Amino acid sequence: MIFKDIAIYDKPLDITTASELAASDGAGALNIFAGYIRNKTKSKDVVRLDYEAYEPMALNVMTKIAEEASQKWPIDKVVIHHRVGTLHVGEIAVIIAVSTPHRQESFAACQYIIDTLKLKVPIWKKEIFTDGEEWVSDHP
Amino acid sequence: MKISVLLFGIARDIVGDRQVEVDIQDESDVEGLLEFLKDTYPKFRELRSLYVAVNSEYAKDHYVLKEQDEIAIIPPVSGG
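Residue numbers (the numbering used here), protein chains in the order written: chain A, 1 to 140; chain B, 1001 to 1080.
Worth flagging that the hints you see were computed from the coordinates, not collected in a lab.
Just so it is clear, the structure is predicted and the values come from calculations on it, not from any experiment.
It cannot be assumed that every hint is accurate.
Stated by the list, open to error - The calculated DSS-like cross-link candidates involving lysine-lysine, where the alpha carbons are at most 27 Å apart (straight line), are:
1) A:K4 - A:K64
2) B:K1043 - A:K118
3) B:K1002 - A:K126
4) A:K118 - A:K44
5) A:K118 - B:K1060
6) B:K1038 - B:K1002
7) A:K72 - A:K126
8) A:K44 - B:K1043
9) A:K126 - B:K1043
10) A:K120 - B:K1066
11) B:K1060 - A:K72
12) A:K120 - A:K4
13) A:K120 - A:K72
14) B:K1038 - A:K42
15) A:K64 - B:K1066
16) B:K1060 - B:K1043
17) B:K1043 - A:K120
18) B:K1043 - A:K64
19) A:K42 - B:K1060
20) B:K1038 - A:K120
21) B:K1038 - A:K118
22) B:K1066 - B:K1002
23) A:K72 - A:K11
To be verified - Not the full set, but computed from the structure, chain A residues with beta-carbon under 8 Å of chain B:
24) K11
25) A93
26) K118
27) P122
28) I128
29) G132
30) V136
Stated by the list, open to error - To spell it out: a stretch of chain B is covered by chain A in this simulated footprint if at least three of its residues, at any positions, have a beta carbon under 8 Å from a beta carbon of chain A; those stretches are:
31) 1026-1034
32) 1038-1044
All C-beta atoms in this analysis are idealised placements derived from N, C-alpha and C, irrespective of residue type, glycine included.
Put together the whole structure using the sequences plus the hints.
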């Protein structure tokens, strides 16, 4: 069983915290992905994003994704931190941190985790623009 | 049987509440529940997908629902 730190917070996330949790003496590589709120979507100005989660299931699915990743690659530790609540441009919505013995696997594992999270985890964001609002629905 | 359904995101906007009590036939399955919801709230048909979660896991169409299950409607997700 690998070490996992998987959590949902309704306060700002911190990359240093996430990376310290993922660091491991046996790992020569630590790969970190941070998802930020961008200022534009399809040329519309973003005012803020409201994120919500079905928390027990989101934690469950994120844990499964971490376990799947550890079946595919030799992972020492995985950290998945996702934020909920109101986020503004420039803030971090999600951090994935993965440590592996060698660097090749760390890139692959980190990408797999964020790609799969975006497809499956029951978290939703509503974009609020200067002229309207919309639930993002890229992923059925 | 009466079941309680949790609603998130656009599903909550469509129904107008975080939770709704639904009266469906005993032995209804997930597919039956989705059909019932789409008939009752036609805007659900406009969504590109709609899944059901039972006890915090995605449920298959033919899963038969029980009164004590925690059931949630999962519209298209957008985490990350």
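Evaluated hints:
For the suggested pair K4 of chain A and K64 of chain A, the alpha carbons sit about 11 Å apart, so the restraint of at most 27 Å is met. Simply put, K1043 of chain B and K118 of chain A have alpha-carbon atoms about 24 Å apart, close enough for the 27 Å limit, and the pair holds. Of the supplied pair hints, the one linking K1002 of chain B and K126 of chain A is violated, its CA atoms being roughly 31 Å apart against a limit of 27 Å. Straight-line distance between C-alpha atoms of K118 of chain A and K44 of chain A comes to about 22 Å, which keeps the hinted pair within the 27 Å bound.
Taken as a hint, the K118 of chain A and K1060 of chain B pair is honoured in the structure, with Cα atoms around 20 Å apart against an allowance of 27 Å. Pair hint K1038 of chain B plus K1002 of chain B holds up; C-alpha atoms about 17 Å apart against a cutoff of 27 Å. At most 27 Å may separate the alpha-carbon atoms for a hinted pair to count; K72 of chain A and K126 of chain A exceed this at roughly 33 Å. Using a Cα cut-off of 27 Å, the hinted pair K44 of chain A and K1043 of chain B holds, with the two alpha carbons roughly 25 Å apart.
With a C-alpha separation of about 18 Å, the suggested pairing of K126 of chain A with K1043 of chain B holds against the 27 Å cut-off. Taking the CA atoms of K120 of chain A and K1066 of chain B, the gap is near 24 Å; set against the 27 Å cutoff, the hint holds. Our distance criterion of 27 Å between C-alpha atoms is met by K1060 of chain B and K72 of chain A, whose separation comes to about 25 Å. Our distance criterion of 27 Å between C-alpha atoms is met by K120 of chain A and K4 of chain A, whose separation comes to about 18 Å.
A distance of roughly 18 Å separates the Cα atoms of K120 of chain A and K72 of chain A; the hinted pair therefore holds under the 27 Å criterion. Between the alpha carbons of K1038 of chain B and K42 of chain A the distance comes to roughly 30 Å, so the proposed pair goes past 27 Å and is violated. Straight-line distance between C-alpha atoms of K64 of chain A and K1066 of chain B comes to about 24 Å, which keeps the hinted pair within the 27 Å bound. About 22 Å separates the Cα atoms of K1060 of chain B and K1043 of chain B, which keeps this hinted pair within 27 Å; it holds.
Of the pairs offered as hints, the one joining K1043 of chain B and K120 of chain A holds, with about 22 Å between alpha carbons and a cut-off of 27 Å not exceeded. Straight-line distance between C-alpha atoms of K1043 of chain B and K64 of chain A comes to about 32 Å, which puts the hinted pair past the 27 Å bound. Between K42 of chain A and K1060 of chain B the CA atoms are separated by roughly 35 Å; this puts the pair beyond 27 Å, and the hint is violated. Of the pairs offered as hints, the one joining K1038 of chain B and K120 of chain A holds, with about 22 Å between alpha carbons and a cut-off of 27 Å not exceeded.
Distance hint between K1038 of chain B and K118 of chain A is fulfilled; the C-alpha atoms sit about 25 Å from each other, no more than 27 Å. The straight-line distance between the Cα atoms of K1066 of chain B and K1002 of chain B is roughly 9 Å, inside the 27 Å bound, and the hint therefore holds. Annotation: proposed proximity of K72 of chain A to K11 of chain A is violated, straight-line Cα distance about 32 Å (limit 27 Å). For K11 of chain A, the suggested interface contact is broken, since its CB lies about 17 Å from the closest CB of chain B, more than 8 Å.
Given the 8 Å rule on beta carbons, the hint for A93 of chain A holds: about 6 Å separates it from the nearest Cβ of chain B. Look at K118 of chain A: its Cβ gets to within about 4 Å of chain B, closer than 8 Å, so that hint holds up. With 8 Å as the threshold, the beta carbon of P122 of chain A comes within range of chain B, its nearest partner Cβ sitting at about 5 Å, so the hint holds. Checking I128 of chain A against chain B: minimum C-beta separation of about 14 Å lies over 8 Å; hint violated.
Taking 8 Å as the C-beta cut-off, the interface hint given for G132 of chain A is violated, the closest approach to chain B being about 14 Å. The criterion of a C-beta within 8 Å of any C-beta in chain B is met by V136 of chain A, whose closest approach is roughly 4 Å, and the hint holds. Remark: the stretch 1026-1034 of chain B is not confirmed as covered by chain A, as 0 of its residues place a Cβ nearer than 8 Å to a Cβ of that chain, below the required three. Only residues whose beta carbon comes within less than 8 Å of a beta carbon in chain A count, and the stretch 1038-1044 of chain B has 0; fewer than three means the coverage is violated.
Checked against the numbered hints above, the structure violates hints 3, 7, 14, 18, 19, 23, 24, 28, 29, 31 and 32; every other hint is satisfied.
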